[in-house]
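Dock chains C and X against chain P, hints included.
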Amino acid sequence: MTRKHLENAPITASALTDEFMRLKKGSVTRRHFLGVTGLGLAAAVMTRFPGAFNASAYAAEDLGTQMSIATWPNYHDPATFENFKAATGVAVEVNVFGSNEEMLAKIQAGASGWSLFVPTNYTISTYQKLGLIEELDLSKIPNFSQASENPRFTDQGKIDGKTYALPKNWGTTGFSVNTSKIKTPMKTWKDFFEIAQTEADGRAMVHDYQLTTIGSALVSLGYDFNSIKADELAKAEELLIKVKPHLFAINSDYQPSMRSTDAWMTMCWTNDGAQLNRDMPEIAYVLGTDGGEIWTDYYAIPKDAPNKAAGYALLNYLMDPANAVKEHIANGAPTTDSRVIALLPAEVTSNKIVYPDEAALTPLEFGAAVTLTDPGRAELMARFKSA
Amino acid sequence: MRALVTFVYVFLYTPIVLIVLFAFNSGRSASEFTGFSTQWFGKALSNAFLMDALENSLIVGLTSAALATVFGTMAALGLERVSPRTRAVFDALFAAAIVVPGVVIGIATLVALVEVFGIANSVIASVWPGAQPPRLQLGFGSIIAAHGLFTMALVTMIVKARIASLGRDIVEASSDLYATPMTTFWQIVFPQILPSVLAGFLLAFTFSFDDFIIAFFVAGSKTTLPIYVFASIRRGVTPEINAIAAMVLVASLILILSARFLMRDRTATQ
Amino acid sequence: MALQQETRKKLVTLALVGPAGLWLFVFLVLPFIAMVVFAFGKRAPEGGYQPAFTFEQFANLGSRAAAFVNTLMLAPVGALACLLIAYPVAYYLAVKASPRHRLLLVSLVVVPFWTSLLVRTYAWMYLLGARGIPHLLELLGIENVRLINTPGAVLLGIVYGYLPLMIMPIYVSLEKLDRRLLEASADLGAKPVSTFFGITVPLSLPGVMTGLALVTILLLGEYLIPQLLGGGKVFFIGNALVDLFLQSRNWPFGSAIAVTLVVVVVIVLMIAMRIAWRFAGTRQVDLV
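Protein chains in written order, with the working numbering: chain P, 1 to 387; chain C, 1 to 270; chain X, 1 to 288.
This is chain P alone, in the form it adopts within the complex (with noise of 0.2 Å):
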């Protein structure tokens, strides 16, 4: 343990003088700087145990030694966590899953043991309602600037003038094609499922999510991607279940099937879609021109979160625009923060898949609370999966 926090400790100089600047500025806490310098705690173990190396003495809250997050797949920059670590001294478990509905399952059966999750803009009310998440205190994450955000995307996350959640970053909802694979260029989610059928016979996915497996084939059929409606829900059931034979996999973690070439077309996420092409440029993202979903994701407490205090701490650590910007250059979502718009590199900026042109975006809807709990498109995303 000793050895391993000596090896993250060490910090480049040309970043200490950063580090240095920016606390001279008043951009960051004293605190911030000592962690991250790793200073904190060489001084804190100096003065209190000398010899001995306690990583989280350096905190003024004990924030223990480990905590976990609930996420989604291939969505954080596993450096982060080991700066945090390295900053704080707790450890940092990484949980991920496959639908909002998996994580509200799980905390709804109490004792989750987690102490910051990741749920979508449209899940914060029923998570409230049902009281498995508090207001936040938001003098606990000073890095946390409201003046920054854009209010299109960081609005759910406050009920009733209360902030439960804080965005972490927004995204679409499209597909990946590989198109060395598929030559037939698509445009829609019609056209996604005919191709599903044919050309990608065996090598198409869609997620294990209610919200856009569910959305998907009712924006294909042309209905609305939120519709809660028994005809229109049949419908949809109908075409899922005729493509069913055709896909390769019913999963929302597509990366590895994507990248292996064993899949060649998937429901994507923005930052999915920004990883994949990234790495193997012929992985094309297209967002529906019939539809399909925007949203943001959010930071939120659970009630009962074991350690909340760490909860706390890697959330201000998040809101860092100097820690979010080296997630979202990793993770490829769009950032809802300008101060972290300021410190993106331009090949970020204006990567088309991270951030569409505002007419991209316009037919695309957010998620609606109702799907959530609607019995009618559970009991269709479960039978649609053991048909």
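The set of hints was computed from the structure by calculation and includes no laboratory data.
Keep in mind the model is a prediction, meaning the values are calculated, not measured.
Glycine included, each C-beta is placed from N, C-alpha and C at the ideal position.
It cannot be assumed that every hint is accurate.
[As the list claims (entries may be wrong)] Straight-line Cα separation of at most 27 Å, DSS-like style, residue types lysine-lysine; simulated pairs:
1) P:190 to X:233
2) P:85 to C:43
3) X:233 to P:244
4) X:233 to P:235
5) X:233 to P:242
6) P:181 to X:233
7) P:140 to P:158
8) P:326 to C:43
9) P:140 to P:85
10) X:42 to P:235
11) P:183 to X:233
[As the list claims (entries may be wrong)] Chain C side only, calculated, beta carbon under 8 Å to chain X, not exhaustive:
12) 109
13) 233
14) 249
Positioned in the frame of chain P, the structure of chains C and X alone reads:
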């Protein structure tokens, strides 16, 4: 036939060889071999979450196997002395505990405990003097209970079979010689059933240590090794998992071999 | 004096069976009752359980018919596939293998059981994925072969995972076989084939039936193998159950399916025992 048998052994061992091989991969991937390295063993051993999961699995496995072995053996002995009707009831329940699929055991335990805990917690909260009443939650207790159910039935079956094959005359002869029942038990019966008790313990521990589906439902916020591995498969396996699997394999091989050695020693002296 | 001894004996008996009885009652009987009660309840608006008395859940069982059919097809097929491979191996181990190597060979069958089934199945995910066997086939000029996420992959995973459980009981029953019977049969001029079918097979039937029943019953509750090798497309009842509890949060319907699954298991078991009695002429089907 020889060819077929050889093929079956290759079939059984290819994945295992692959697992061990990738444990020595130098790269981050558990699917692309980039060079030889032993770094992942060190990484696995210093990964606090993996070690926690391993520790949890050992706690659950040892506790549930110990309880199951003690209670299961006691039941096997006791069932010799009860009325046929009582024995039929027990036999049926033990058979049910073995036959009911793990996924159902997991669900039933979850459903029942969540309900019971809900009621108990509101009762505790209403009578608790302090501000922070203790809360009953899923965790070690629920996993041990659910695992122990199956493994206790297993132990009872195994020990019962052994008792059935023992001659009653030994016990009777011993009593005739005015040994007290306790002396008879510890000196005559116990050594005879000990191998099956140990076998039962070993099976119980293996089951509990490897079980995923029951723990998946009733573990609450606790992470056992299989739950950790399942989560890793979803977030992308690193050779850490291979390293820990290889270490568990070697540990269990040592365990099996020493068990066999001990058993052989015992049979040789008898 | 006699009475006292009688009481004492009863107390000892109670102390012996008490803990097991309590455990069975609290963690088997009560949860099962709770599950049955839940099965007659309703799904709460936000998911979970809401008390009610309705047959709605059982009436809805038809919507999971595909999962039931899938399970009831693939479980016996998987068990039979295991049997086809296991029998020659068990026969070889019990009859043909030299006594010197026998213990080692038998141990080697058991060892895979000691590595996590999850990790072994993960190894198959790699072997069947595009970087594994299909990649080797590509080198041979056979392109775009897809193995993972097919019923075949699930069947292979099943055979792999359960083969040792099938080999062991058959081996045990064949090992007990008195070799003098085989010799006598040969001496009386029987051909090896008729000796095999006339003597070996009937005598190994208890082991075969035990293996079949054991593997089939375990498969009826399988979740992991279809989940990992079937890509969420090959669905067993176990997968439907996990989905209902961990995704659509429909606890009452999940309970109804779980109750039904138990009934199915009991029926399958009864059929297996009936067949075993008829063919093996024995009333002994050891499940352990």
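Quiz item: So which hints don't hold here, by number, going up?
Solution: Violated hints: none; all satisfied.
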